[in-house]
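Order-wise, the sequence lines are chains A and B. Quick note: the first sequence, position 104, residue 104 per our numbering, numbers continuous. Quick note: the second sequence, position 506, residue 506 per our numbering, numbers continuous.
Everything hinted at is true.
What follows is a set of in silico ranges between Cβ atoms, one per label pair, in the way DEER data are often shown:
1. W151/B <-> S7/A: 47 to 53 Å
2. V290/A <-> D227/B: 51 to 57 Å
3. D87/B <-> V290/A: 45 to 51 Å
4. D147/B <-> V290/A: 34 to 40 Å
Note that these hints are calculated values from the structure, not bench results. Given the structure is predicted, the values throughout are model-derived calculations rather than measurements. Beta carbons are placed, not taken as given, at the ideal position from N, Cα and C, and that holds for glycine.
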Amino acid sequence: MISDLFSMTVLVGILASGIRLATPYLYAAIGETFGQRSGVLNLGVEGQMLLGAFTAFYVAIQTGNLWLGVLSAMIVGAVMGLAMAFVTVNLQAVQGISGIGFYLFGLGLSDLLFQRVLGTVETVKGFPKFNLPVLSDLPIVGEIFFQQNILVYISFALVPLAWFVLNKTTLGLKIRAVGENPEAADSLGVSVARIRYLTIILGGTLSGIAGASLSIALLNVFQQNMTSGLGFIAVALVYFGAWRPFGVLGGALLFSLVNSLQLWVQVLGIPIPSDIAVMMPYILTILVLVISVSRVRAPSALTKPFKREE
Amino acid sequence: MTERTILPSGHTQIDHLSMKGITKRFPGVVANHKVDFDVRSGEVHALLGENGAGKTTLMNVLYGLYHADEGEIILNGEEVVIESPTDAIEQGIGMIHQHFMLVETLTVAENVALGLRSSREPLTDLNKVSERILELAELYGLNIDPDAYIWQLSVGQQQRVEIIKALYRGAALLILDEPTAVLTPQEVDEFFCIIREMAKDGHALIFISHKLHEVIDISDRVTVLRDGKKVGTHQTAQATKADLARWMVGREVDFRPEIEQVEPGEVRLKVDNISCLSNRGTSSLQEVDLDVHSGEILGVAGVSGNGQRELAEVITGLREATAGRIFLDGEDITALPPISRTDRALSYIPEERMRDGMIKDFTVAENLILREHHKQPFSNWGFLNLKAVEQHSSELIHNYQIKTPSQETLAKSLSGGNIQKVVVARELSRDPRVIVASQPTRGLDVGAMEYVHSRLLEERLDGTAILLISEDLDEILALADRIAVIYEGQIMGIVPREEATPEKLGLLMAGVKEGV
Chain A
1 MISDLFSMTV
11 LVGILASGIR
21 LATPYLYAAI
31 GETFGQRSGV
41 LNLGVEGQML
51 LGAFTAFYVA
61 IQTGNLWLGV
71 LSAMIVGAVM
81 GLAMAFVTVN
91 LQAVQGISGI
101 GFYLFGLGLS
111 DLLFQRVLGT
121 VETVKGFPKF
131 NLPVLSDLPI
141 VGEIFFQQNI
151 LVYISFALVP
161 LAWFVLNKTT
171 LGLKIRAVGE
181 NPEAADSLGV
191 SVARIRYLTI
201 ILGGTLSGIA
211 GASLSIALLN
221 VFQQNMTSGL
231 GFIAVALVYF
241 GAWRPFGVLG
251 GALLFSLVNS
261 LQLWVQVLGI
271 PIPSDIAVMM
281 PYILTILVLV
291 ISVSRVRAPS
301 ALTKPFKREE
Chain B
1 MTERTILPSG
11 HTQIDHLSMK
21 GITKRFPGVV
31 ANHKVDFDVR
41 SGEVHALLGE
51 NGAGKTTLMN
61 VLYGLYHADE
71 GEIILNGEEV
81 VIESPTDAIE
91 QGIGMIHQHF
101 MLVETLTVAE
111 NVALGLRSSR
121 EPLTDLNKVS
131 ERILELAELY
141 GLNIDPDAYI
151 WQLSVGQQQR
161 VEIIKALYRG
171 AALLILDEPT
181 AVLTPQEVDE
191 FFCIIREMAK
201 DGHALIFISH
211 KLHEVIDISD
221 RVTVLRDGKK
231 VGTHQTAQAT
241 KADLARWMVG
251 REVDFRPEIE
261 QVEPGEVRLK
271 VDNISCLSNR
281 GTSSLQEVDL
291 DVHSGEILGV
301 AGVSGNGQRE
311 LAEVITGLRE
321 ATAGRIFLDG
331 EDITALPPIS
341 RTDRALSYIP
351 EERMRDGMIK
361 DFTVAENLIL
371 REHHKQPFSN
381 WGFLNLKAVE
391 QHSSELIHNY
401 QIKTPSQETL
411 AKSLSGGNIQ
421 KVVVARELSR
431 DPRVIVASQP
441 TRGLDVGAME
451 YVHSRLLEER
461 LDGTAILLIS
471 EDLDEILALA
481 DRIAVIYEGQ
491 IMGIVPREEA
501 TPEKLGLLMA
511 GVKEGV
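If we strip away everything but chain A, and leave its shape as in the complex, we get:
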């Protein structure tokens, strides 16, 4: 019944799983934020996540070492980022199209590897709950925020860290300048190519972790196309968050809470057709983009390849 939604246990459950589900969004969208702030739109996030998810899962079951899984996912994501950087920076390809190419590549390869190497859906014992001392004992708050696995904590810590890097460091200054006016940055001796390589590889690395967080921390399985559009939503979240880490955090929480809500709606057997429930996050994506589109201004050089005129 609808009224079941409003019991304390259920509310805490919705919020706690909402926090947990924000994790992949956060990794992917924070990474994408860096890329876009430097002027590169990476639509390949989803593909990077899929490969990251597979790699982490495979390494984790083979070695039994979850951290090694995360590390391998990071490396795979970074390599994908490196390729993306080469295509967009050196070859000056159209970013949107090449991003879709990388998505399809990641989708296809992860599927192929899955069929060749694993064949069937298996489960792995993923990152366990890690109760933060003292904090996790707090009533309600503790249960919602501080009884999560380690990758969840790291993803949230990433938000202020990203803010700090972008706004308080010389590197962040360069990234912002390159995304707004690469000619100006270039004239001051800032290497536009180097900065963009860095941000795209960083974005790939974080997308790799985003994938790992799905396959060895949240769901603990690997399936074909298990991200099901999550990477694209992460790209949308960057727009929604107006290219600011805390804006991205707000967006990620909004989506994951809606997602968590629809899961609970199904669990509790509330009579809303499940198709409609599953659609909710996607409908929300479109709505927020429509609403937010006129509100914010993208980095001026976003999607524009830089070439020194000569």
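Fit chain B to the known structure of chain A by using the hints.
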């Protein structure tokens, strides 16, 4: 050799820098051919030349943005290799580009700090940077707020940020690429004071320009470039404006063309009580009345933004009039769409030639038929007659002396003067009855300006009615038979050419009505 002096901004002086035999080729063009150039500390050395003469190319070589194919750069007696802007900055060379190299969404301090090592890497040290900015600003009277965002600043202030940026990086030699192009006359005066102050302190300054009076005003020496080659270097004090113009263009230049008497005929364009709105929806033109006769140039003078743009757009049909009517040879065209007005032989030279005057990514030939592409002989039942297009464009390229590698060249790759020639050729070759010319020579060099003027005067002789809207008072005084002054969307008065003086027009432009 004495020990080199430290400049007040804290940097070592560049006593002498010379570029020898610089050659720079681009595909299809030699932009610089064996050019020699030198500059000393304490002097302002002007680099004069028309658009496309190779001034900016030469300086981009010095600043490390381009690599010369031949030649060497000698700094204080030693050859230096400048591979990149970073090298140039290290050698004490700074450049202020024509289009400012500022990141609008960053603050002044952030723009200055960009690319420099911070004192507390990896963190920024903006407080320290701000302090130093204020010190430098104090030194040269550059009033600037380090915490302001660039988008909040006026163009003149943005230029000061560029100067500070260069000084902060230890520029002992400063290249100024057409620095006054974007400034108001008052800002130019202030800017020149800063330049003089910097020269006095021992900076070496290179001033790129095609404006003769500014070169005469500010420089100690002047080097003239033409078609990528050096014409000569002279003491500015020993050169006259006419000398400079002749060196620059390669022939005598007419600053005030002789105007033949023409008896004005019947009214061709009549603007009757027209009002309209601005883009922001506020009132722009208010009950404007103008008559332009056959064989007459009616000048519209005024300070930028007083309704000139709206006036041109209302007449050409790009903007709706909220009241009043417009007649072309007696026919009411107020309700007609732009294309019908075009078909009635109304020609338009728009103020924003790159935006409204042509399609940048079209070829020269395509741009030349934009107005007539839907008609014979260019269009046959909707199919382009490419042969006719080709013939038409090669004729115009020849007749209007458009300098272009070919008619298939993209319009955007032409120089400003040649782009305007394309527009002028297209608009005048169709035998117009009325021409609306908005700022037809803004940003053009002397040669191109003279050319456009002479073409307009020829049209006048042919009996065309010309509405010349310009913010350049010299241009209006040189060409117009009668001068209407516009102020806040209203015509303040119409003065015949014989009675027009800059003072009189200036008062009207400031909104002071005659006899008040």
